[in-house]
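A.B. asks: These are the residues of each chain, in order.
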Amino acid sequence: MGRLTKTFMLGAALLGTSALATGCATTAKGVSQSAVMKSSQTERLAKEVPPGTVMAVVRYPAHVDAAAEDAYYKAYGEKVIGGKWSKSRGDLAEMHALADSMILKSNYFALSLYKELAAKMPAHNVLLSPHVIKLGADGKLTSEPMTQAESLPNVVTVDFASYTFPDTKKMMGKEPLTFGDLVTPLVTVRTDHRAAAPTQGLLMASAPILPRAAGNGRDAVNESLSIMQTGRFKTSAPELDFVAHLKGDQPMGVTTRPMGAARPNSVTAYPLEKIQMNKAELASMNEKDGGAVDPLKTAFSKGFANQIIGIINRTDVDKAAMAGRASAISNFDESLAALTLVGSRDADYQARYRYAERLMEAEQKYLSVQSLRLFDGVHNGEMGAQVRDMLKAEHKILERRRELARKQNQATALAILGAVAAGGAIASQDGNNSYAERLAIEALIGATVYAGTKAFSLKRQSRAVGSNYLSSVVPALEEQQTVQVNLIDSNETITAIRFEDLRAKLQTLYNNKQRSLDTVATRCGYTHDSGSKTGTWLGVCENGLANGTGVGVLRNADGSSVEYYGYAVNGQPQGPGYMITHTPTGSYSLEGNFTAGRADGAMRLSKAGQSDRVMSYQAGQQIGKAPSGSVVASPFKTGLRPGDLAMANYGVN
Amino acid sequence: MKHVLTSLGALAAMSGPAFAQTETVQVEIAPTQTTQFQTAGASDVAVAAPSQAYCVSIMSGFPNDDTVARYQFFRLTQDIAQDATPQFRATLAQYGEADVSQDTPILEVIEAIANPVLRQAAPEMVIGYMDHLIQFEDRCETYISGQVDSLKAYDADLVWEDPIIAEDALFLRQVLSDSLDRVGANNDPVHSFAAQQYAQSLITTRDNMEYQVFVSDIDELETLYMTDLDGRLARSNDIINEEMDREVLGDAVILSDDMNKAAREQEKQRTLYTLIRILGGGY
Numbered sequence: 001m002g003r004l005t006k007t008f009m010l011g012a013a014l015l016g017t018s019a020l021a022t023g024c025a026t027t028a029k030g031v032s033q034s035a036v037m038k039s040s041q042t043e044r045l046a047k048e049v050p051p052g053t054v055m056a057v058v059r060y061p062a063h064v065d066a067a068a069e070d071a072y073y074k075a076y077g078e079k080v081i082g083g084k085w086s087k088s089r090g091d092l093a094e095m096h097a098l099a100d101s102m103i104l105k106s107n108y109f110a111l112s113l114y115k116e117l118a119a120k121m122p123a124h125n126v127l128l129s130p131h132v133i134k135l136g137a138d139g140k141l142t143s144e145p146m147t148q149a150e151s152l153p154n155v156v157t158v159d160f161a162s163y164t165f166p167d168t169k170k171m172m173g174k175e176p177l178t179f180g181d182l183v184t185p186l187v188t189v190r191t192d193h194r195a196a197a198p199t200q201g202l203l204m205a206s207a208p209i210l211p212r213a214a215g216n217g218r219d220a221v222n223e224s225l226s227i228m229q230t231g232r233f234k235t236s237a238p239e240l241d242f243v244a245h246l247k248g249d250q251p252m253g254v255t256t257r258p259m260g261a262a263r264p265n266s267v268t269a270y271p272l273e274k275i276q277m278n279k280a281e282l283a284s285m286n287e288k289d290g291g292a293v294d295p296l297k298t299a300f301s302k303g304f305a306n307q308i309i310g311i312i313n314r315t316d317v318d319k320a321a322m323a324g325r326a327s328a329i330s331n332f333d334e335s336l337a338a339l340t341l342v343g344s345r346d347a348d349y350q351a352r353y354r355y356a357e358r359l360m361e362a363e364q365k366y367l368s369v370q371s372l373r374l375f376d377g378v379h380n381g382e383m384g385a386q387v388r389d390m391l392k393a394e395h396k397i398l399e400r401r402r403e404l405a406r407k408q409n410q411a412t413a414l415a416i417l418g419a420v421a422a423g424g425a426i427a428s429q430d431g432n433n434s435y436a437e438r439l440a441i442e443a444l445i446g447a448t449v450y451a452g453t454k455a456f457s458l459k460r461q462s463r464a465v466g467s468n469y470l471s472s473v474v475p476a477l478e479e480q481q482t483v484q485v486n487l488i489d490s491n492e493t494i495t496a497i498r499f500e501d502l503r504a505k506l507q508t509l510y511n512n513k514q515r516s517l518d519t520v521a522t523r524c525g526y527t528h529d530s531g532s533k534t535g536t537w538l539g540v541c542e543n544g545l546a547n548g549t550g551v552g553v554l555r556n557a558d559g560s561s562v563e564y565y566g567y568a569v570n571g572q573p574q575g576p577g578y579m580i581t582h583t584p585t586g587s588y589s590l591e592g593n594f595t596a597g598r599a600d601g602a603m604r605l606s607k608a609g610q611s612d613r614v615m616s617y618q619a620g621q622q623i624g625k626a627p628s629g630s631v632v633a634s635p636f637k638t639g640l641r642p643g644d645l646a647m648a649n650y651g652v653n
Numbered sequence: 001m002k003h004v005l006t007s008l009g010a011l012a013a014m015s016g017p018a019f020a021q022t023e024t025v026q027v028e029i030a031p032t033q034t035t036q037f038q039t040a041g042a043s044d045v046a047v048a049a050p051s052q053a054y055c056v057s058i059m060s061g062f063p064n065d066d067t068v069a070r071y072q073f074f075r076l077t078q079d080i081a082q083d084a085t086p087q088f089r090a091t092l093a094q095y096g097e098a099d100v101s102q103d104t105p106i107l108e109v110i111e112a113i114a115n116p117v118l119r120q121a122a123p124e125m126v127i128g129y130m131d132h133l134i135q136f137e138d139r140c141e142t143y144i145s146g147q148v149d150s151l152k153a154y155d156a157d158l159v160w161e162d163p164i165i166a167e168d169a170l171f172l173r174q175v176l177s178d179s180l181d182r183v184g185a186n187n188d189p190v191h192s193f194a195a196q197q198y199a200q201s202l203i204t205t206r207d208n209m210e211y212q213v214f215v216s217d218i219d220e221l222e223t224l225y226m227t228d229l230d231g232r233l234a235r236s237n238d239i240i241n242e243e244m245d246r247e248v249l250g251d252a253v254i255l256s257d258d259m260n261k262a263a264r265e266q267e268k269q270r271t272l273y274t275l276i277r278i279l280g281g282g283y
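As they're listed, the protein sequences go chains R and Y. The numbering used here puts the first residue of the first sequence at 1, with every later residue one more than the last. The numbering used here puts the first residue of the second sequence at 1, with every later residue one more than the last.
Be aware that a few hints might be false.
Listed next, the in silico DSS-like pairs over lysine-lysine satisfying Cα-Cα at most 25 Å (straight line) [what the hints assert, rightly or not]:
#, chain 1, residue 1, chain 2, residue 2
1, Y, K261, R, K392
2, Y, K261, R, K169
3, R, K407, Y, K268
4, R, K169, Y, K268
5, R, K396, Y, K261
6, R, K115, R, K279
7, R, K120, R, K297
8, R, K279, R, K29
9, R, K607, R, K637
10, R, K115, R, K365
Bear in mind the hints are in silico, worked out from the structure with no lab data behind them.
Here chain R stands alone, though its shape is the one from the complex:
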């Protein structure tokens, strides 16, 4: 065992370690086009909504309340998406910087989606709803909207966040990342559960957060039913689905389908993907263009906006907005709110409803101005410019790391080749090698060791590039967050003060101009098909029981619950109606004629994973497929007669 052997053993050991440890470094690649771009078709918006109803609200995490920061960082480190991460092995300061930058980027990229959606829809039909992540009354994370955007009826809400895996060491790997030219969107699209009963309103969600988004939807349904049981409509805006994921809310199973697949009444699962924005577009962003170049547009936003248009076109917008509308109207006219669910052609109702719509339209326009100014302040302001600077700087960092990774890969390859060659040389030595040969072998081993060491070094450098950037950029991140909060706060404060003022004036105008309603909505008993008076009816009542149009809610002892929209007589569904049944295993809906509380005749049945079917029912029992051409009665088709609100015997067949 001379010097040569000793050197060989050391080198082989080092080489073995280095080859194993460094492996083949990845270069942080992403897909150039998101799955939403590939599967989207350019569609024109084919639906219309009445005044005061907005098509889409874009919700995103905009700020973390100081009291919730620790809980947010902790949850961000624990509820990791796209890989495994041990907090004990990571750098907490870096993780916090990534968590902060995630909020900042979500703020910025949500605006790209807003811009694309707004371009495809009529004016004032897209609103921004920034959320603050805070601690709820139970001490757990939650989020609340910072504006009133969600107080108006809408067809869909879109949650957007851009995600980054909480470990900079994995930055070059396959883990999700939003840094430089890479973006990992987390999205959900939902409508009101009345328009998509089998999925409880959830229409599309990023796969990793889908179960908790479904759980969040179920919670919203439960809250809505509970509130209606108290005689009101107003529910709080649900927390962001990303926050529901972070806090580890109870997940819920739901029928899903991959993007582009045809499976009715199911939730589209959007795969987790790391999208690589166009480098040329990224490079062309400059101070002067004010954000006119949007690299996310061609990679994601445009396609996602098309997906949302398609979703809206396939959504029953009346059912989607009816509860939101009743809730908004209840702010200034409780006696009208429940009547709007089904509607009427009564002159007094029509007159009053028209006023209510105009009032909501005024609020809609007002909130739309706020969204536009929020966009302007963030995207076109200094903050937007700085985010673009940041993206460019990050891109340079990423490119540097990619370069180092390529060098590392070359060094690794050299080390492996050298090891093979050295191994061959040593294998052939029989003790008779000349001095020159021994020197050559020694040099070869030396070069191999050097290549391995170099690979190690490059890897360290690569990590340092990312870590150093994140460490140094923390003050800039903090400043941007402050500005962001100020912009939203300013919008919120100014809008809130003026909004309350406007609302009071609108209320006065409304009160001064109203004629009385012949029939008003109140709260009374509702029984479904059993004899006991267990439920709550909001609508037209007589003798303490449902008698006319409205909504009935009841909860059964087995944990299931039923909500019914339509006509009732003596406390029971009677006539055209829409009934949604929620069970612990899922929800389904029936629309058609009801007699004495039971489905009776041709009914449209909507169940998860199945196409809507028209089935025949008798006394609440399904007796087979309805004959071809059967007409399904609907409470929402207002081919109604004057006096229909209080029609005591509608539908007595």
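Once you've looked at the hints, dock chain Y against the given chain R.
C.D. replies: Showing chain Y alone in chain R's frame:
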């Protein structure tokens, strides 16, 4: 003098489709102006010709010395005739009884309808006068529209949706509806439906008018608040953005570059040291 000329001018202008004759006529609309109309040939039948004499006769009873007054009366006549279906006109013919002719000045007719004594004492006369106006509007709609358009073209300040005219018309229609009720039309099996439909249409018209006022108030409020909000937010955005220090990010990036350079040097040293140590035999 100007108003007189205008009225005459308006009359001349409206007669484009109406005064269909078989020869070229010259209408003097002012001492210094002459307008020529090329009229239809002998074989042409003008659409409005059968009512021509009747319409011209009644229109001559409209105010002709004031553009605004003339316009208001024509618009009032149009509004009064709203929702008068053929069935309703039959009801008016059945219950109306008034001594009114083509030569009765319009002002006299309207004053009679609005007269509270007459309304109380002789509702059938009120119905008769209203019938007279509605018949006139029905038969002479082309002439009336021509007059309204011409007067609007002459005076841009005249508005189509004049709330005062609409309010007056609704008042007169309400008088008619009440009069029909008083004479028992609402209980007449033949005419009750038409009379009740008409009464319902008055509610709808009233609703629409009130809604227009409401919309106008809301529009005003909306504009005021939106403009105010937009201005406030724009100013606020500017102030906040001005406070932002773009240097911070630039400094951070430079710092990051410096740190990376230092890290590179450190790694280079570490690599050399490792290599020397290995090749040097482990020390």
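A.B. asks: Is it true that the CA of R/K169 sits at most 25 Å from the CA of Y/K268?
C.D. replies: holds (20 Å)
A.B. asks: With a cut-off of 25 Å on the C-alpha distance, tell me whether R/K115 and R/K365 pass.
C.D. replies: At roughly 17 Å apart (the allowed maximum being 25 Å), R/K365 and R/K115 satisfy the hint.
A.B. asks: Quickly compare the C-alpha distance for Y/K261 and R/K169 to 25 Å and report which way the hint goes.
C.D. replies: It holds: about 19 Å lies between the C-alpha atoms, which stays within 25 Å.
A.B. asks: Tell me if the straight-line CA distance from R/K120 to R/K297 falls inside 25 Å.
C.D. replies: holds (13 Å)
A.B. asks: Check the hint pairing R/K115 with R/K279 against an upper bound of 25 Å on the C-alpha distance.
C.D. replies: holds (21 Å)
A.B. asks: For a C-alpha distance cap of 25 Å, please report whether R/K607 and R/K637 respect it.
C.D. replies: OK: R/K607 and R/K637 at ~22 Å, within 25 Å.
A.B. asks: Given the hint that Y/K261 pairs with R/K392, test it: the Cα-Cα distance must not exceed 25 Å.
C.D. replies: holds (19 Å)
A.B. asks: Decide if the proposed pair is consistent with the structure: R/K396 and Y/K261, CA atoms, cutoff 25 Å inclusive.
C.D. replies: Given that 25 Å is the threshold and the Cα spacing comes to 14 Å, the pair holds.
A.B. asks: Just to be careful, I want the Cα atoms of R/K279 and R/K29 compared with a cutoff of 25 Å; is the pair within it?
C.D. replies: holds (12 Å)
A.B. asks: Does R/K407 pair with Y/K268 here, judged by a C-alpha cut-off of 25 Å?
C.D. replies: Since the Cα atoms of R/K407 and Y/K268 sit roughly 14 Å apart, the hinted pair holds (cutoff 25 Å).
Every hint, counting from the list given before, is met by this structure.
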